[in-house]
Structure formats: structure tokens, C-alpha cells
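Listed here are the chains, written in short residue letters.
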Amino acid sequence: MNVIRNVTCPICGTLCDDLEVTVKDNVIVDAANTCAISDAKFMNYSNPKHRNLTPLVRKNGELRETSLEEAIKKSAEILVDASYPILYGWSCTSCEAISAGVELAEEIGGVIDNTSTVCHGPSILSIQNVGIPTSTLGQIRHRADLIIYWASDPYSAHPRHMERYTAFSNGRFQKSEWAHYVARLRGILGKKRLSRASELVLMKEAELPVVSGGKLPPKFETDKRKLIVVDVRKTRSAELADFFIQVEPNKDFELIQALRLLVRDEEVETDQVAGVPVSLLEDVADTMIGCDFGVLFFGVGLTMSSGKLQNIDAAIALTRDLNYRTKFVIMPMRGHFNVAGANIVSTWQTGYPFAVDFSQGYPRYNPGETSAVDILSRDEADASLIVASDPVSNFPRRAVENLVKNPLIAIDPVVSPTTAMADVVLPSAFVGIEEGGTAYRMDRVPLPMKKLVDPPQNCLSDREILQRILHHVKRLRAQRGIA
Amino acid sequence: MKGLLVKDGFVFDPMNNVAGEKMDIAICNGKIVEKIDNCGVIDASGMTVMPGGVDLHSHIAGSKVNSGRLLRPEDHYKDVERKTPVTRSGVGYSIPSTFTTGYRYARMGWTTVMDPAMAPLKAKHTHEELNDTPILDKGSYPLLGSNWFVLEHLRAKEYKDAAAYVAWIMRATKGYAIKLVNPGGLEAWGFGRNVRDIDDPVPNFDITPREIIQGLCKVNQLLSMPHTIHVHTNNLGKPGNYTATLETMKSVENLANNGKPNIHLTHCQFSAFAGEDWRSFRSGSEEIAKYVNDHTHVTLDLGQIVFTNTTTMTADGPFQFILYQMTGNKWVNNDVEIETSSGIVPFQYKRKNYVHAIQWTIGLELALQIRDPWKVFITTDHPNAGPFTAYPRIVAWLMSRKARDEIMKKINKKARARALLPSIDREYTLDEIAIATRAGQAKILGLENKGHLGMGADADIAIYNINPEKKDLASNPKAIRRAFSNAAYTIKAGEIVVKDGEITKSVVGRTYWTNVKASPSLLEIEPELQEVFEEYYTVKFDNYIVPNHHLSAANPITVEGRV
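As given, the protein sequences belong to chains A and B, one line each in that order.
For what it's worth, our numbering labels the leading residue of the first sequence as 18, then goes sequentially.
For what it's worth, our numbering labels the leading residue of the second sequence as 3, then goes sequentially.
The hints are simulated quantities; they were obtained by calculation from the structure and are not laboratory data.
Ideal Cβ placement from N, Cα and C applies to all residues, glycine included.
The reader is advised that the hints may include incorrect statements.
[As the list claims (entries may be wrong)] Reference excerpt, derived from the structure (chain B facing chain A, CB under 8 Å, subset only):
{"no.": "1", "residue": "R71"}
{"no.": "2", "residue": "L72"}
{"no.": "3", "residue": "K80"}
{"no.": "4", "residue": "V82"}
{"no.": "5", "residue": "V88"}
{"no.": "6", "residue": "S99"}
{"no.": "7", "residue": "K124"}
{"no.": "8", "residue": "E131"}
{"no.": "9", "residue": "G192"}
{"no.": "10", "residue": "F193"}
{"no.": "11", "residue": "Y293"}
{"no.": "12", "residue": "L325"}
{"no.": "13", "residue": "N545"}
Take the sequences, apply the hints, and build the full model.
Structure (C-alpha cells):
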């Protein structure tokens, strides 16, 4: 038995680095300090049912087992033959692999795009429009007395975010309010049980929980940490919050702009904005101005609902305005554990965070033109390499149709619709479990991913697979006399 | 054995008192040697030979620089570098991608560059980018002027504990020198405030910037660090700040040891503003230059502005907020827990703007009024006052009054009327340029094998197409600019990496860091530190430390602390 401490969790952008993993005979037998999501991963990652364990190449319409060498050669051939290949994925692997990917894309004159193109891409476009006042998560832990989650449900998607960095954490200038939240959580659970029982007994639907009232509760006057959740529905995080504001779907932009007006001491000449009474918004604006250090976390609910980057422009502008009155920061809740790293590596090597096109011999960036979904929808790519991602399940239908009709290479530890549709499948090692490297937290703090156990036979790391493909590509291009 | 002979060049090697003598330089295995036979020869006859350029302050890597790259696609669009058989592709202008940064420095004959601001928490990021910066030798300075551990130790006057912590930080982050940015002010910025001057106590910490500067200066001496403390002053970028700058220099006057330099004031142009507000804004260069001329404990670099569209980025969060308010441009702020803050604002320096024009004169006035070139170095605080690719222009301005006059004609009228610059006739010689761009910087950095061409020095050499015998350089500034923009040859560690301004080979450069050897008790602070650390940070102690193998070519400089 070997307990490995300070393990960084390879799940979400919270990137908790305090896990303790027990390994016995190259098998993980226990993991402590995990959340439900990471526990499931550590306990099940090696299940052969979900894993790609042998390299596969499609022959006569069927995926057949082959040697690693053969699969890598085939991949190199596909990429060298292609005139406009796409290299996509990257947010669930290490920065070292991403770096190898950028070099490969440059060598073959392809496009390299990462998954932020379909999650926080609008946030990045918005940062390029207006900038962003932000901070690291520790700054929030020590100082923030007002925490707002907007269109994001950390309780379900980033389970330890509140515990480690915000409402439940203990800082130098702000104390944890965990006891208070635990009491509330118990109360909510009790109420839910009762209503469920009454539902069963009385055979009728229980009343919906009360949503935003017309006024903030009086305890908002205190200097304790406050948690506000804004969302279209009452999420688990919203239940925990000191106050929940329910915004009508696709009306976030209006709500943010109304708050901006109020923060700038201007009148809002209606009674309601996005289903929220203006009298309440006035109180919220006062709370925002009155805090010592406020933070606004936003999720994909804001980036991918109507308005997209306009929503983020407005949210950042609101934060900026608030900095004239107090200290306020804003941060996107990044999903995959290294999606921030994918942006960062791409930026330092090419100048651009995603959707980088090397077809001219130098990096070119024009999201909408050079982003993966758009290229595929226009049917311009003639081959693809997917790393640690599953676009077949997530991309729009037309993009997927064009993706799978051309040669498709998938590098992935797990079986997915994408690997099932691929022409070459290269099984790889899980970064953070079977392979080390660097990843970046949502606040762009770099953390080491640890290798805890050896990968199965035939499973190389993403980095090594890519380097081998690159090596073959260079040789093939030299043979064919391509400069 | 790999050898190379640079034949018949006019050699400028100020550290060894060689000023334009015709001589040969022999190279063997990446070092300068007495003589060498049977090897490749570079015919440098009619050319100027200097040590490879050294830049002690250029933001080329790390979290903040990368945020700047991300922020400004418009900065990259028109300035691209194609992939070639020996180079990677990239983008340029004010914040080039990492590969391009390395190539562009090398093309100008620069071979050693220090990144001056690394948030310790993000040290890994800085080193990953430095790993991807080819050809150059480099290093990075951890930001310590608002660090909680430092503030707490210094407040309690525990200088030895502070020294132990700083020694540990250098090891943990693979840092090179102690950097202070707006000492104390960045902690205050955590709650949106700032400190007003060097005696204004830091909120919640009960310590003044003066005490921080003096304390870290003492720590620097206790640890025998290779470089002095590297200071970005309080009140930077505000009219009237030259008094704070003078106070900063005076505050460590008594701590100087045998008159050796103990403080480096960086991008001093931004700290030499006089006047009460922007309307009455004027140059404070005379007062600063006078003080520096009269004292031996200060060195400074220029932060010379060039009239261009660039990107300002400093760890000075409150200053960047002011810039944002002034310009209304897009603004990035990023505060780092326990340690520092940072900010980024795109900026356009305009010739016709009174303040910008005066700023342009301040930098040159400093360089020309400070008599000893070993005390004042050429930088643009890349990319704050302009990108590093403007160095050839600045060299031309310093060497040629004619070049200055040409710009002078075009700047804001009021600024022209008020400026001191037209009254200065001094023109730098090539020897002085070699000091201000190489020898002096290497010396103050404590890099013994850099900045000179004596026996045993690293074979980093720049050869420029300038014949000091033939041309009257002062009347031909374009020739200066052209020669320094495209080195005839750049040699890095004995290998030819640039020929006629084109990269011929890409090599891996080393990363310097300071490994302090001191008494064992000083170094055994980890258990105690770890306890407080885990209370302060959101990352684990072990995950904070940058292992040596994380650097592609680590080069620790070992020093003996005197504790």
C-alpha cells in the first residue's frame, strides 16, 4: 500500500490538489478528499469496458486491431495527405501534449482548436474586446465578502469550489460560513423529504420552492460573507445561497445591463427586468457597491445562452464599473481540468488562444472562420485528429457528418462515439492518473499532474503518441519533398 | 572540440578595457579561449565585434505577458513570422510569441534576457514559456515587495527569517533576483487601495514601503545575491513622483557596502516625473541624474519610450487601473494571492501628446546626463514603453544628436519648448553603447561570464556591420539603426545562430537561478514554513515548488550567504 499525497485531480477547472490516493499493486484502491465526480473516476478509470486498450485501424469499414507502430504510421499518412486537417480537443490532457499538438499542426499546416471553442470561447472573445479584472482563487478565499455565481452551478459541476475557494473557505480577512450553510443544507434536505412524502401521500405536486422575493433579507446588512446565485432555475447551489435571483431564460443581458445602470447611479424606468423587480436589483446593486471585495463567477449558462459574448462583455463591464466604487473581480468557471492550459499554451506559442490556422505557414486566428465547428460545417477540412475529446457527441449534426465522412484519428483513453466512428484509434494514458504533466487551474495557476500508476500496455501518453506521429510526418514530408 | 575564430574585427569589450582595437576572438566549446587552430573562421574585418547583448528588464514570459498576448489579437495580425526549416512560426509586434521573441532578440545580437516579474505562485508558467524561448539565456525575478511572508518578517524585524524565506523562494521558484514592485502598494490593491508614498503604512500590515525596501536590501546583502534589489518605485507613472524616487534611493544610501551598488531602479523614466498634475507635468530627470552622479549605490535602466502602439503590463495593479481610467482602453487586472497583482492596458504613445513627448525626452535626458555609462542601461521595459525591437532606434538616438533633433522637430510644440534635451550635446560612443547594452548590465546582474570577451567568458558575440574607422556614425544614424537591427552575425555559446539578420540555427538557451548556500539552520525552514503556507495558499506546498527538471536547461548560480 502506498499513499500518494497532494495529488491534483484531473476532472474540472477547480483543480483541487490535495487528494490522497492509495495505490496497491499498480491499482488505485482508495482516494480521499475527492468529490463524487473524481471519486467515480479514480475508482472506475481502469474498467476495461470503457477503455481503449489496443490500437485500431478501420479496414473495409470495420475497426481492426493493429500494432501501435502501424496505427501511428497510418495517422501520419492521413495527416500528410490532407490539405486542411483539424486537430481538436486538448482540454483533458497535459500542456506537454498540447505543445506537441501545436508543433504538429504547424508542421502539417492544419488548424488547431480546443474545446473552449464550444464552451468559454465567447468569454475569450469578450476578454479580447474589453479585458478582464480578475484574480487568483486564493485572493477570493482571503478577501471576498460577496460571492456571486451567475449561470453556474458549482454544487453539481465544480463540487469543491465553494469549499476550497469561496463561501465555505476560511481566509485571512474573511471567515468561513460553513456552519451556517450546513444548517441550511440540513433544513433544505428535511423540507425536501417532507414534500416528497406529502407528494406520495396526497398524490399531488408539492409547491415549488420560493424564488426571489422583492427584497433582500435583513441579514445582508451584516459584514459576513454573502453568497448570491443567479440562474434560470433553482439549482442545488441556489438552494444553498443566501439569496437566489431567478432570471428569465435568455434575459441575462438585460439583467446585467440594469445592474450596470444602477451601479452607475442611473435610473431604471420599469418595474421589472428579466422577471426581477427593480427594487430588488437596487438592493443588489447597493450590496455590490458596499462590499469590500466582490466576485462574480459565471458559467456556460451565460456564454452559451442568447447574446453569447455580449453577455460576457456586459458582465465584465459591470465588474469594471464596480472597480470605481470598490474591489470587484470576475472569473469564468472553466470546465475541463486543463482547458485553461490549452488556451495558455496555444497563446504563448502562436499568439492566439484557440482556433489557430497554420495553413499559410504562420498562425492565423479568426473565430467563426478558423474555428473547428465552422470549418466542419462548411465541409472544408479533409481529415481530423481528435485528442481527449468527443466532438461526435457534442458538435452540431452537420459538423459531425462532415467530420466522420473524412479520415478521422482519435487519441483517447476511453471509448466514445468519436472513437467508435474513427478510422484510427490510438489508446492513450489518463493524464493525472497514468501520466504526469502540467495543467492550469481556472485562475491560470499551474499545477503538476501526477503519475500514480502505470498505464496499460500499449497505452502511451498523448504527448508521446503525438511526438511519434510528428516524427513520422516529418519523415514522410521529407520523402515526398514537401518543405 | 568545436572551434571558431572571429578575425580582424574592431572589438568593443569595455570590461577588459578594449575599445575598438582590431583583434581576433577565439572560441572553443562555447567559451572564449586564448587561441585556436584548425577551425571555422568568420571574417569580421571592417565590422564591430561586441559581447552578446544583455537585457536585464524585459517582460518576455509568464502569466501576465501571456494574458497580454491573449488580450491583443489586433497586435499580432500584421506582424507574422513564417515557419522556416530552422525556425518555428509565430506572431510579433508588442508582445511576440515565445519563439519569435527568441529569434528577434538574436537577430539584433542580444543573447541574454531577464524577465523581471514572476509571481512565485505562477513560476512554473514563466519557466514553461522561457523553455520555449529559443537561443537566449534567461532568468526571472520573483515579486517579493508585497509578499505576506516578507511583510510579516520585516515588520517584526526578523531579517534572518526573511532572508531564509527569500533563499527558499529562489530555490522553490528558480528565481534569480529580488523584485519589488510598488512595495506594499500591491497588497493594498487587494482591497482596491494603494499606498501614497514611501512612508504610508500598508493597510492591515503596519509596515511602510521604506521599511520593505530597506529590509529586502539588507536581505539581499545577507544572501550575497548576484544582483541588487530590482525596484519599481511607489507612485510610478504619477506627476511629481521623482521625489518618491529620490527618497527610495536615499533610503538605502546608508546600507551600501564599500560604495557598491545595492539598488537598481528600473524603467526610471516612469519614475522621473515632476510637476503637480498632467498640466504642469515636466521632467524630473535633472534631479535624479544629479543624485545618481553623486552616489555610487544606485544603477538604473531607462524604460525609454518610443512613439508606437504598445501594450503596458506591470505587476503594479493600481497604476494600470489609472492607465485604464485615462485611456478607456481594455483593461486586464490579475491579483495573485499572498504575493502580487498585475495589470495590462494597450497604449499608444503619440509624438503630438505633450505628456508622451516629455516622457520621450526624460529617458534620453537620464541617459545623457548620467555621466558614468556603467550606471544607466538601455531598456524599453519591453513592452511597456515600446517593444524591445526598438533598441536600435534608441542606440541611434543616444549616439547621434542629429537623430534626436529629427524627432525633436516632430514632437509636441510645448514639450519641445520646455524640454531640457535640446541643450544636451553629448553623444554616446560605441564603447559606451557596449557598456549600456551589455557590459554594464551583465556586471550589475552578477553574470560573470556574460557581457565581456575575456578568457573563459561565454562565447556570446554580436558582430555588427559598422566600421568605426570609416563612418562618422553620429551624422549617419540610419546606418546605426540598420546595423543594430540586423546583426551580421550572432554567436551563441560558440554557435552561429544568426547570419545577415537571418536565423541560421536555433539552439536551447539556459535558465539562470540563484541557489543560496547558507548556514544549515537558515535552510531548514521548510517544516515551519509549510505550516503557515498551507494556511495561506490554495495550493499545496509540494505543488508550489518548481522542480529543477521543469527547466529545459537549468543553470543554478551558487552564492554563499553571509548569515
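Results of checking the hints against the structure:
1. R71: holds (5 Å)
2. L72: holds (5 Å)
3. K80: Since the shortest Cβ distance to chain A is 11 Å, the answer is violated.
4. V82: holds (4 Å)
5. V88: violated (12 Å)
6. S99: Constraint on S99 (chain B) satisfied, holds at 5 Å.
7. K124: With a minimum Cβ separation of about 6 Å from chain A (threshold 8 Å), the hint on K124 (chain B) holds.
8. E131: holds (5 Å)
9. G192: At about 6 Å, which falls below the 8 Å cut-off, the nearest Cβ of chain A leaves the hint on G192 (chain B) intact, so it holds.
10. F193: holds (5 Å)
11. Y293: violated (36 Å)
12. L325: violated (11 Å)
13. N545: Holds - the Cβ of N545 (chain B) comes within 8 Å of chain A, reaching about 5 Å at its closest.
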